[in-house]
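Protein chains: 4
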Amino acid sequence: MKESKPHKKTGVWLVGGLGSIAVTVMVGALGFRKGLVPSSGMVTESEAFSQIELPDVSEFEFGGWDIRQDTVYAAAQKMVQECRTIDPSLLGKIAPELDEINRWMKPGLTRNCGQAIESLAAGSAPGTRSLLEEVNELRSHLRSFKEEKGLTGLVVINLASTEPSLDLQEHHESIALFEARIAENKACDIRASSLYSYAALLERCPVINFTPSPGTLIPALIDFAGHQGLPVMGNDGKTGETLVKSALAPMFLSRNLEILSWEGFNILGNMDGEILNTSENRATKIKSKDKVLSGILGYQPHSRVHINYVPSLGDQKTAWDFIHFQGFLGAKMSLQFTWQAYDSLLAAPLVLDLVRLAQLAKERGESGVMPHLASFFKAPLGTDCFDHHQQTDMLVQYISQVTSDGGESWE
Amino acid sequence: MKESKPHKKTGVWLVGGLGSIAVTVMVGALGFRKGLVPSSGMVTESEAFSQIELPDVSEFEFGGWDIRQDTVYAAAQKMVQECRTIDPSLLGKIAPELDEINRWMKPGLTRNCGQAIESLAAGSAPGTRSLLEEVNELRSHLRSFKEEKGLTGLVVINLASTEPSLDLQEHHESIALFEARIAENKACDIRASSLYSYAALLERCPVINFTPSPGTLIPALIDFAGHQGLPVMGNDGKTGETLVKSALAPMFLSRNLEILSWEGFNILGNMDGEILNTSENRATKIKSKDKVLSGILGYQPHSRVHINYVPSLGDQKTAWDFIHFQGFLGAKMSLQFTWQAYDSLLAAPLVLDLVRLAQLAKERGESGVMPHLASFFKAPLGTDCFDHHQQTDMLVQYISQVTSDGGESWE
Amino acid sequence: MKESKPHKKTGVWLVGGLGSIAVTVMVGALGFRKGLVPSSGMVTESEAFSQIELPDVSEFEFGGWDIRQDTVYAAAQKMVQECRTIDPSLLGKIAPELDEINRWMKPGLTRNCGQAIESLAAGSAPGTRSLLEEVNELRSHLRSFKEEKGLTGLVVINLASTEPSLDLQEHHESIALFEARIAENKACDIRASSLYSYAALLERCPVINFTPSPGTLIPALIDFAGHQGLPVMGNDGKTGETLVKSALAPMFLSRNLEILSWEGFNILGNMDGEILNTSENRATKIKSKDKVLSGILGYQPHSRVHINYVPSLGDQKTAWDFIHFQGFLGAKMSLQFTWQAYDSLLAAPLVLDLVRLAQLAKERGESGVMPHLASFFKAPLGTDCFDHHQQTDMLVQYISQVTSDGGESWE
Amino acid sequence: MKESKPHKKTGVWLVGGLGSIAVTVMVGALGFRKGLVPSSGMVTESEAFSQIELPDVSEFEFGGWDIRQDTVYAAAQKMVQECRTIDPSLLGKIAPELDEINRWMKPGLTRNCGQAIESLAAGSAPGTRSLLEEVNELRSHLRSFKEEKGLTGLVVINLASTEPSLDLQEHHESIALFEARIAENKACDIRASSLYSYAALLERCPVINFTPSPGTLIPALIDFAGHQGLPVMGNDGKTGETLVKSALAPMFLSRNLEILSWEGFNILGNMDGEILNTSENRATKIKSKDKVLSGILGYQPHSRVHINYVPSLGDQKTAWDFIHFQGFLGAKMSLQFTWQAYDSLLAAPLVLDLVRLAQLAKERGESGVMPHLASFFKAPLGTDCFDHHQQTDMLVQYISQVTSDGGESWE
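Chains as they are written, first to last, in this note's numbering: chain A, 118 to 528; chain B, 118 to 528; chain C, 118 to 528; chain D, 118 to 528.
Since the hints were made in silico from the structure, they are not lab data.
Incorrect hints may appear among the rest.
Since the list gives no way to pick one copy over another, a pair counts as held whenever it fits inside one copy or between any two copies.
Cut-off 27 angstroms, straight-line C-alpha distance, at most; resulting in silico cross-link-like pairs (DSS-like, lysine-lysine) [claimed, not checked]: (1) Lys125 to Lys408; (2) Lys210 to Lys195; (3) Lys151 to Lys195.
So here's chain A without its partners, still in its complex pose:
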């Protein structure tokens, strides 16, 4: 990465700001700023990005919303405890910077988020404010953060727990009806996630949905982003088993080996796992994983994805996949893999990448969905491409375009 100009600061607004991904994002960026951690895991630090100028991670400023009450430092300690793999002395070295973020960690919403999520927000009364009052408060958070920090740009990224699945209604499809419901204070299945995004777009912030929660980028809000000239992208960050799946399935296709069954079994023990243990929230998650295979192969093999909560694992997700395939002479053969990785540690660098690329897109005047970022998502918007390698090619081509455009437009 080329040196960026020193006085441009980009803000990162984390929805679910005390969750383990968000905390890892902050710890990583601050550690990176002090030269304490390597850039491993950040796509935008690869060789391929060396010719373009991106917002400087060392200059990132952090704030966010969360429904829990805690300090950033305490949440970070919990995360380090769970991921024994991180050097515990790191936290001590960035404690003041973590403490500073506390005042920008604002209360979140639980509107229509389902029982499992609401139970996390213990103590906070559901509130008597109208939808509009809620939106206005969210907007004021973003505005004052931007002003006080003197930010050039601010990107809002959803990292909160998965909401239940959503049956799209009229007011989820049309921004006019959506705004009408808010004006009338009719909460009819308007989700917290939609309110976050709406407030963000009103404040001219790009929105990234790193979760499968369907409310974040409902059609009405994607439309609205277009009208506001703002880029958005989602859904559901591709970090673990699905990443491997989207890299391996094309291999079978390239060899004309028919996949008979692909059975995936995920176990994990963090809060994400606990929330997903609730079947209404799990349904959302499994749905966004489910299109990957048929999207790549052109047919739908027998395939199921199981997600189970195993508390002792903490944040170390373990996935076992069994792939049964048929080859020459009808012979059945198999590949099985076990993936053992820390979800938060895989997700966090991608969050930093997405903030940089969303801000770049905004500076370049791009608006609406960003299919060139498909490789970051399980259920990418604006594209039918699920093949990880083709998705990667799309990003490489975009970067070439940026480079040939001058590469510095974001300034």
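Fit chains B, C and D to the known structure of chain A by using the hints.
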């Protein structure tokens, strides 16, 4: 695949014609001819190839060289016995066709092939013929096969057991010196595999090296192929663990996840495994597997490939790979996979593909190495590309070119 | 095994006689009789049993009940097709013997077996017979088989698909009430499996429950067996994942390593899998697997067993278990295993063992449950011992006792 | 465990006292003393031992020999760094106690230990002392430790890196000849490990060989232990893959399932792995693993154990085992497992157990080898029993005997 013209027949000359891959090739092609088996595993039967005309597998004629004495049917029975996964009733239905091939299964050579291979050729005296006499006999086999069968084309493909590694000498690099040594009858490390290829090129047959044996396509012979206007390609068919490796490694690169170690452990029980149990032959094999990772990643992680002979497995190769990688905050994570597949069943359809594509190239007037076939090989000639997906793209682009050139030039 | 006297024949009456386990039992015993297959997998053919005389497997005669209509040979063909691992030429060599069994394959019952099982019995009307008429018909099958074949003994063994779980009522606990309900023709949750066992005990046949179906050996029937002087044993043959679990869990106990989580994931594609896909039947199965860990360890770790239907696998069950454990200094470590085996091939030899050992017990005048056979069952009756090695010791001690008693009492 | 008398202190003398197992032993015992860590992993803390009185781990005093120069605290830090799984705050809480041990960490010997081990002792000249001077110095270390600490007992346990294999000569078999060589200062393949043990036995200390090094308990020294009335035991602590193997192999035997192949592949990255990377040292290790299967099964399946050095793994050993077995009808099936554990964390609690049990044996007047401790070793002395469950039974019976003898004899 479009219907091909009925009266064009392509010959397939199999070096190691009684080995399990060769036998599977013949059983599969004959089963395919009778509509008894699906086309699974043949790349050239994929959708991507539907617009071009390729030699018709149903019209393939088979012959070959082997140092063992056996009938094709008996060898096929042994193969079916080992791969319990094949429908055993298939053999009965193609027995007459298999028997017909017997008279075209000619004696092979063991020159400088090492102790392990020579011991397979029990009973056959090393011979008192000169190098030139040997070459001439090989040529006469090809010539009479071509004539008697009325073949439009004949492709020679090496499937024989792996020879020991080779220190290139002057006469391996220059066709003039190579021919001089033959004229002088100085066998100084001229391998059986080189003599096969030399005879093939003199008889205007494309040569494919599906083995890692370095003698098959020494620089002198690649040069000679260019002068003869013939296409050649190798080395070492990419069927199992390496296929998975070349599909997965790019995923880590795309995510900027540093691979710390990639340890591969292969166990298998067929004759290939037995020959590889001999360390001089194993060295050749491991060498051709070894460039894949560094070629894809741009750095060399700690990596070793172990191959061990476990007789009870027969042809069912089992590979366990352990991949240790480093992500954000320096965290170490892992992916392990177990691949359980039948080597012969993965290899055989690729052999059919390569015959079709080599014959196509010859008809199109292409000569020298064919880097667009890199995806078929562990150590592809004429390219530095080891990424399976990029290799696949190279093939797709070639096919587009053929299509836009008219696609029927091979006639 | 010592030579047994030639003229004593033991009958084996298979409930679910056309299912894959039953068919494998018959194919194996007939193959064994002709010296076509080894004795691998039969516990009673081990060295430890060489000093006692057991019913001769070569003299076994087979009959059974099934709700499906098929020939034994056709069912055997289907089984061989699914388990590609069996030598297909075997069937041809025992075809006449298999055909002879057809006339002893009698219609079974579906009373209170649940929707999934009833749907297998397509075409057969539920019937208008009374409970007593049903029992009498079952008895007549056993009686005529015994007479016609001139059997010394006849053992009834339940191998039928798993019935739904059962809430025990008064008449399941007391034989008097049970008989009263039958007399009154009140079917109130009296299962087919209970009627089979009741008929068997009336005909003085030992009963083995190789399934988890709770009706087979309800308390009332265990009592009744005692009164009749007949041995019985169950429940649920221990063949795969649970076998490994009961062998491995004691190792952790012996090292004072605390098991934190033991998550098991089973996939299989045979009819057993299909029936278990129905959640009411699965509940029964999972319950009988569930006591093993706490029974061995003395505490209950986080543990779940998942069973999923993956059609392409056929009878090849694949189980992945993940064991998370805590050692010194509180360190978390793991063991994972993948078990790939054919359920029917693991179960069938145990069925032959159990027939021999039940007949031995009857001849020795033992009655009631046989805890010395605990090692054969997932949920053994009459013991709290789930440790496979201790269970094995119990069997060894029993055999020593038999030997010191003279070992020939069964004659 | 019952409360032990407060004023009895047992010394633990660690050969290889700065190695990762030794350091883990000390950290664990000190953490245990302060109530900072659980007793997980210590066999003698199981329920089965609750009725007998054993030396109190909280009263253990530590010293040892090592060829490296380092502080105990620094070695502990290195260990914690590698095993990220340990709570890093633990070290700070026991730092003073660790520092106190430094003065009892005395220089070790490298006599005839091979190149790999000698290279660790950088800077220390091979020395000009005679064998007798060396022995006398070792004795003085033990004597002054015992006196200064006022120890009731002192147990010497070998944890040093594996020495090369040893061809037994006359003086390894006879204590008289062994002592003669020392008197004559003829070092002819007298190993450092033999000198350690000899000094220990002269000082009336029981000796435990937790390593495979053959010099530690050569026949001459076992004899000598008998004459001195001292208990000894070895060889090679059973911690990982072999533990699992010795627990699983009996399961196959109990089911009469023939093991065709058992292929084990171990990768690890600690110093142990580095030393084993040297083939002369590896040979010793593999030999002691090799008798386990044939000892349990009564026949020798195809089996090999591979050990490879993969630096990135540190102390986290990963073992993949593939077990191919044959069942009913000759069907081939498989079990594979992956064991991921920290060698030092598995070994350290066993070291504490062995010290307690060796001291108990000494107090009870037992001398010579202790076969009742077979379950702790890969190649147990004085027994042919390799079945982990039978070995466990032997220990349980011994404990019963101690209990019925009064259980307090060690005082």
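Verification of the hints:
no.: 1; hint: Lys125 to Lys408; verdict: neither (39 angstroms within a copy, 44 angstroms between copies)
no.: 2; hint: Lys210 to Lys195; verdict: both (16 angstroms within a copy, 21 angstroms between copies)
no.: 3; hint: Lys151 to Lys195; verdict: both (22 angstroms within a copy, 24 angstroms between copies)
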